[in-house]
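Chemist: Here is how the chains run, residue by residue.
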Amino acid sequence: MAETSKKNPMDMVFASVTGIASVTVIIFIIGILYVLIAESSLAIKQFGVIKFLTSTDWDPVKNSFGALTNIYGTVITTILSMVFAIPVAIGIAIFVTEISPNVLKGPIGIAIELLAAIPSIIYGMWGLFTLSPIMSTYIEPFLKKITTGIPFVSILFQGTPMGIDILTASVILSIMIIPFTASIARDSFNLTPSVVKESAYAIGATQWEVVKNVVIPYSKLGVFGGIVLSLGRALGETMAVAFVLGNNHRITTSLLDAAATITVTLANEFAEADTDIYLSSLFYLALVLFVLSFITLALAKFFLLKAERKYSRG
Amino acid sequence: MKTFLNVALVLALTLSFTSAYATETLNGAGATFPYPVYSAWSFEYNKVAGVQLNYQSIGSGGGIRQITERTVDFGASDAPLASAQLTKDKLLQFPAVIGGVVPVVNIPGVKAGEMKLDSDAVCKIYLGEIKKWTDPKIKSLNPEVKLPDNEITVVHRSDGSGTTAIFTNYLSGVCPEWKSKVGSGTSVKWPVGIGGKGNEGVASYTKRQASSIGYVEFAYAEQNKLTYTLLKNSAGNFVKPNFQTFEDAAATANFDPRKDFNLWLVNAPGKQSWPIAGATFILLAKEKIASNKKVIAFYDWAFNNGDKKAKELVYVPLPTSLKNKIRAYWKSNGLQ
Numbered sequence: 036m037a038e039t040s041k042k043n044p045m046d047m048v049f050a051s052v053t054g055i056a057s058v059t060v061i062i063f064i065i066g067i068l069y070v071l072i073a074e075s076s077l078a079i080k081q082f083g084v085i086k087f088l089t090s091t092d093w094d095p096v097k098n099s100f101g102a103l104t105n106i107y108g109t110v111i112t113t114i115l116s117m118v119f120a121i122p123v124a125i126g127i128a129i130f131v132t133e134i135s136p137n138v139l140k141g142p143i144g145i146a147i148e149l150l151a152a153i154p155s156i157i158y159g160m161w162g163l164f165t166l167s168p169i170m171s172t173y174i175e176p177f178l179k180k181i182t183t184g185i186p187f188v189s190i191l192f193q194g195t196p197m198g199i200d201i202l203t204a205s206v207i208l209s210i211m212i213i214p215f216t217a218s219i220a221r222d223s224f225n226l227t228p229s230v231v232k233e234s235a236y237a238i239g240a241t242q243w244e245v246v247k248n249v250v251i252p253y254s255k256l257g258v259f260g261g262i263v264l265s266l267g268r269a270l271g272e273t274m275a276v277a278f279v280l281g282n283n284h285r286i287t288t289s290l291l292d293a294a295a296t297i298t299v300t301l302a303n304e305f306a307e308a309d310t311d312i313y314l315s316s317l318f319y320l321a322l323v324l325f326v327l328s329f330i331t332l333a334l335a336k337f338f339l340l341k342a343e344r345k346y347s348r349g
Numbered sequence: 467m468k469t470f471l472n473v474a475l476v477l478a479l480t481l482s483f484t485s486a487y488a489t490e491t492l493n494g495a496g497a498t499f500p501y502p503v504y505s506a507w508s509f510e511y512n513k514v515a516g517v518q519l520n521y522q523s524i525g526s527g528g529g530i531r532q533i534t535e536r537t538v539d540f541g542a543s544d545a546p547l548a549s550a551q552l553t554k555d556k557l558l559q560f561p562a563v564i565g566g567v568v569p570v571v572n573i574p575g576v577k578a579g580e581m582k583l584d585s586d587a588v589c590k591i592y593l594g595e596i597k598k599w600t601d602p603k604i605k606s607l608n609p610e611v612k613l614p615d616n617e618i619t620v621v622h623r624s625d626g627s628g629t630t631a632i633f634t635n636y637l638s639g640v641c642p643e644w645k646s647k648v649g650s651g652t653s654v655k656w657p658v659g660i661g662g663k664g665n666e667g668v669a670s671y672t673k674r675q676a677s678s679i680g681y682v683e684f685a686y687a688e689q690n691k692l693t694y695t696l697l698k699n700s701a702g703n704f705v706k707p708n709f710q711t712f713e714d715a716a717a718t719a720n721f722d723p724r725k726d727f728n729l730w731l732v733n734a735p736g737k738q739s740w741p742i743a744g745a746t747f748i749l750l751a752k753e754k755i756a757s758n759k760k761v762i763a764f765y766d767w768a769f770n771n772g773d774k775k776a777k778e779l780v781y782v783p784l785p786t787s788l789k790n791k792i793r794a795y796w797k798s799n800g801l802q
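Each protein sequence line maps, in turn, to chains B and P.
Our numbering applies: residue 36 is where the first sequence begins, and numbers increase by one.
Our numbering applies: residue 467 is where the second sequence begins, and numbers increase by one.
Wrong hints could be hidden among the right ones.
What the hints assert, rightly or not - DSS-like cross-link-like pairs, simulated, lysine-lysine; straight-line CA separation at most 30 Å: (1) P:LYS698 with P:LYS597; (2) P:LYS655 with B:LYS179; (3) P:LYS605 with P:LYS647; (4) P:LYS775 with P:LYS691; (5) P:LYS777 with P:LYS691; (6) P:LYS605 with P:LYS706; (7) P:LYS647 with B:LYS86; (8) B:LYS97 with P:LYS590; (9) B:LYS179 with P:LYS673; (10) B:LYS80 with P:LYS655; (11) B:LYS97 with P:LYS737; (12) P:LYS737 with P:LYS777; (13) P:LYS774 with P:LYS647; (14) P:LYS791 with P:LYS759; (15) B:LYS86 with P:LYS691; (16) P:LYS597 with B:LYS179; (17) B:LYS180 with P:LYS673; (18) P:LYS655 with B:LYS86; (19) B:LYS80 with P:LYS556; (20) P:LYS612 with P:LYS673; (21) P:LYS645 with B:LYS80; (22) P:LYS698 with P:LYS754; (23) B:LYS97 with P:LYS556; (24) P:LYS698 with P:LYS513; (25) B:LYS97 with P:LYS655; (26) P:LYS698 with P:LYS774; (27) B:LYS97 with P:LYS645; (28) B:LYS80 with P:LYS647; (29) P:LYS754 with B:LYS180; (30) B:LYS80 with P:LYS554; (31) B:LYS97 with P:LYS554; (32) P:LYS603 with P:LYS655; (33) B:LYS97 with P:LYS577; (34) B:LYS97 with P:LYS605; (35) B:LYS180 with P:LYS597; (36) P:LYS590 with P:LYS605; (37) B:LYS179 with P:LYS598.
Claimed, not checked - Restraint-style ranges between C-beta atoms, simulated for each label pair: (38) P:LYS647 with B:VAL188: 33 to 43 Å; (39) P:ASN690 with B:GLU343: 52 to 62 Å; (40) B:ILE153 with P:ALA701: 45 to 55 Å.
Just so you know, the hints here were simulated from the structure itself, not pulled from any lab data.
Here the structure is a predicted model, which means the values were calculated and not measured.
Just so you know, even glycine gets a beta-carbon here, dropped at the ideal spot from N, CA and C.
Whole structure, please, built from the sequences with the hints as guidance.
Modeler: Put into structure tokens, the structure is as follows:
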């Protein structure tokens with residue numbers, strides 16, 4: 036009591052303002068969750084949980100809805116885009132922090148941040164008009180050619196290359212998430228104390244050895260955090276992929292086939308959903324994405340915390 | 467401080483001007499398809515009547531919901547509602563303007579208007595039963611056209627759309643197999659083909675992919691000079707998509723005021739009718755008589771003065787006979 040009375044009144048105001056700001060976030064999340072559940076209750080009643088999650092049927096005419104094709108599309112495009120983006124992003128970060136001459140550091144850093152500032156609809160239109168023709172005329176026929184005859188791999192590149200497919204969407208998505216991973220990785224690489232690095236150089240380590248044995252182990256956690264952030268972004272990204280994914284509700288094994296993600300389905304069909312059960316199923320899909328994102332981020336946080344604890348003990 | 471005062475003064479002035487002009491506002495929401503023509507009309511109407519029309523193109527589904535919940539003065543929908551639903555939600559409905567859907571193809575060497583198709587051919591192509599342009603069915607329709615022996619790439623809309631609703635209603639009307647297998651709606655479960663988002667998506671894929679077929683709005687095909695095909699109508703004639711054939715469809719179709727004009731304008735019986743057209747509709751809340759009168763004053767003005775503007779934007783104005791039917795419908799519902 037004596038403590039608080041001594042406090043400056045401005046401090047009290049400051050504390051309550053920041054406190055309220057933080058509580059608002061929690062209220063928003065609960066509010067969103069409530070609305071999603073309330074709006075999708077009709078579809079939950081009609082299709083149940085297991086049936087909705089495992090059904091591949093998406094037929095607005097017959098009012099029969101299932102989420103599996105959408106979940107499949109979301110997971111595949113996210114994984115593929117992470118596979119494309121992570122090596123590039125970490126490469127950028129290593130180059131900027133360890134290898135590049137000082138003159139280049141500024142321009143590259145600004146370029147990365149600019150990439151993050153481009154609205155996703157621009158990526159979408161660019162994908163439709165520029166990337167997709169390039170993919171369908173050059174890259175995809177090439178991939179098809181070099182993989183024919185190889186068992187299993189050739190399955191991934193079956194069908195006519197149209198440029199409207201999982202592969203193109205994942206490439207666009209990976210370009211979008213590179214800046215997030217790269218700038219966070221760069222910042223964490225910068226945190227490696229120069230004393231440690233210099234000692235390594237002093238005992239004769241090469242640049243590659245320093246990066247591999249000193250910088251990366253030192254900043255693993257930060258890099259991982261950046262990857263998780265971009266994972267969240269990739270899961271929820273809509274407009275960049277809406278134009279090049281085709282909104283095809285089928286499960287396909289070929290990367291050259293059109294597919295649908297949860298967000299693409301929502302963006303494409305929400306405005307014209309004319310029956311109650313159709314609209315409710317779309318809300319149900321949004322709820323599935325909400326839970327999916329929550330689980331992914333929670334798992335990532337869990338591993339991050341575990342690793343951190345191990346570090347502080349070690 | 468001085469700049470702040472200046473900014474405040476300018477803001478205050480602008481606000482006072484806008485509030486002086488915006489004497490009356492009508493709020494509408496719904497279909498995206500008629501948005502350009504509604505906003506062009508409302509711009510002109512604001513000059514003569516001083517009424518501002520605030521139309522939000524959120525999609526037909528949204529328009530129906532908003533007027534059902536009475537959050538707007540009028541709703542707009544590309545799909546007509548059945549009288550049963552209108553009675554249940556206490557709504558009135560009338561058509562405002564007409565648009566159409568045009569099949570477009572990309573076949574090397576084939577120019578706009580050269581290719582002839584009938585409903586059976588379009589249906590079988592979209593069902594995936596006709597796979598090549600050299601199929602005997604297509605050959606017999608086009609004896610003079612040199613067709614390549616290529617597989618057909620079918621392009622459809624990937625997003626929910628009134629254009630798809632009109633197109634699938636056309637197919638359901640002429641093709642029993644389509645009706646039982648796929649059906650009609652703003653988005654359907656396509657048996658074959660790839661999806662493009664919006665007219666621009668479909669047009670872009672059709673242009674890029676040789677030997678493909680897609681369908682787009684008439685206005686979009688016209689403005690972008692796409693390679694449209696001729697279609698056989700229900701009177702057995704091959705017709706071109708243009709203002710005459712759309713007007714013929716609207717004039718010969720049986721829009722019935724007693725059914726609140728509930729009609730898909732497909733396969734109209736006229737000799738020169740284009741078979742795939744559709745009216746876009748306005749929905750009013752029955753009990754909001756005061757605001758309904760204002761909405762109707764706007765559409766009455768548009769029916770009298772807006773045809774030229776509509777044609778400029780490649781919309782098909784309603785024929786006079788239908789306009790008169792709508793005016794009678796307003797009168798019988800005590801709005802005029």
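Chemist: Against each hint, give a clear statement of whether it holds in the structure.
Modeler: Hints versus structure:
no.: 1; hint: P:LYS698 with P:LYS597; in the structure: holds, 20 Å
no.: 2; hint: P:LYS655 with B:LYS179; in the structure: holds, 28 Å
no.: 3; hint: P:LYS605 with P:LYS647; in the structure: holds, 26 Å
no.: 4; hint: P:LYS775 with P:LYS691; in the structure: holds, 20 Å
no.: 5; hint: P:LYS777 with P:LYS691; in the structure: holds, 16 Å
no.: 6; hint: P:LYS605 with P:LYS706; in the structure: holds, 19 Å
no.: 7; hint: P:LYS647 with B:LYS86; in the structure: holds, 23 Å
no.: 8; hint: B:LYS97 with P:LYS590; in the structure: holds, 21 Å
no.: 9; hint: B:LYS179 with P:LYS673; in the structure: holds, 23 Å
no.: 10; hint: B:LYS80 with P:LYS655; in the structure: holds, 23 Å
no.: 11; hint: B:LYS97 with P:LYS737; in the structure: violated, 34 Å
no.: 12; hint: P:LYS737 with P:LYS777; in the structure: holds, 22 Å
no.: 13; hint: P:LYS774 with P:LYS647; in the structure: violated, 41 Å
no.: 14; hint: P:LYS791 with P:LYS759; in the structure: holds, 17 Å
no.: 15; hint: B:LYS86 with P:LYS691; in the structure: violated, 47 Å
no.: 16; hint: P:LYS597 with B:LYS179; in the structure: holds, 23 Å
no.: 17; hint: B:LYS180 with P:LYS673; in the structure: holds, 25 Å
no.: 18; hint: P:LYS655 with B:LYS86; in the structure: holds, 19 Å
no.: 19; hint: B:LYS80 with P:LYS556; in the structure: holds, 28 Å
no.: 20; hint: P:LYS612 with P:LYS673; in the structure: holds, 19 Å
no.: 21; hint: P:LYS645 with B:LYS80; in the structure: holds, 28 Å
no.: 22; hint: P:LYS698 with P:LYS754; in the structure: violated, 44 Å
no.: 23; hint: B:LYS97 with P:LYS556; in the structure: holds, 26 Å
no.: 24; hint: P:LYS698 with P:LYS513; in the structure: violated, 44 Å
no.: 25; hint: B:LYS97 with P:LYS655; in the structure: holds, 9 Å
no.: 26; hint: P:LYS698 with P:LYS774; in the structure: holds, 29 Å
no.: 27; hint: B:LYS97 with P:LYS645; in the structure: holds, 11 Å
no.: 28; hint: B:LYS80 with P:LYS647; in the structure: holds, 27 Å
no.: 29; hint: P:LYS754 with B:LYS180; in the structure: violated, 66 Å
no.: 30; hint: B:LYS80 with P:LYS554; in the structure: holds, 24 Å
no.: 31; hint: B:LYS97 with P:LYS554; in the structure: holds, 23 Å
no.: 32; hint: P:LYS603 with P:LYS655; in the structure: holds, 25 Å
no.: 33; hint: B:LYS97 with P:LYS577; in the structure: violated, 38 Å
no.: 34; hint: B:LYS97 with P:LYS605; in the structure: violated, 35 Å
no.: 35; hint: B:LYS180 with P:LYS597; in the structure: holds, 24 Å
no.: 36; hint: P:LYS590 with P:LYS605; in the structure: holds, 14 Å
no.: 37; hint: B:LYS179 with P:LYS598; in the structure: holds, 23 Å
no.: 38; hint: P:LYS647 with B:VAL188: 33 to 43 Å; in the structure: holds, 35 Å
no.: 39; hint: P:ASN690 with B:GLU343: 52 to 62 Å; in the structure: holds, 57 Å
no.: 40; hint: B:ILE153 with P:ALA701: 45 to 55 Å; in the structure: holds, 53 Å
In this structure, the earlier hints numbered 11, 13, 15, 22, 24, 29, 33, 34 are contradicted, and the remaining ones agree with it.
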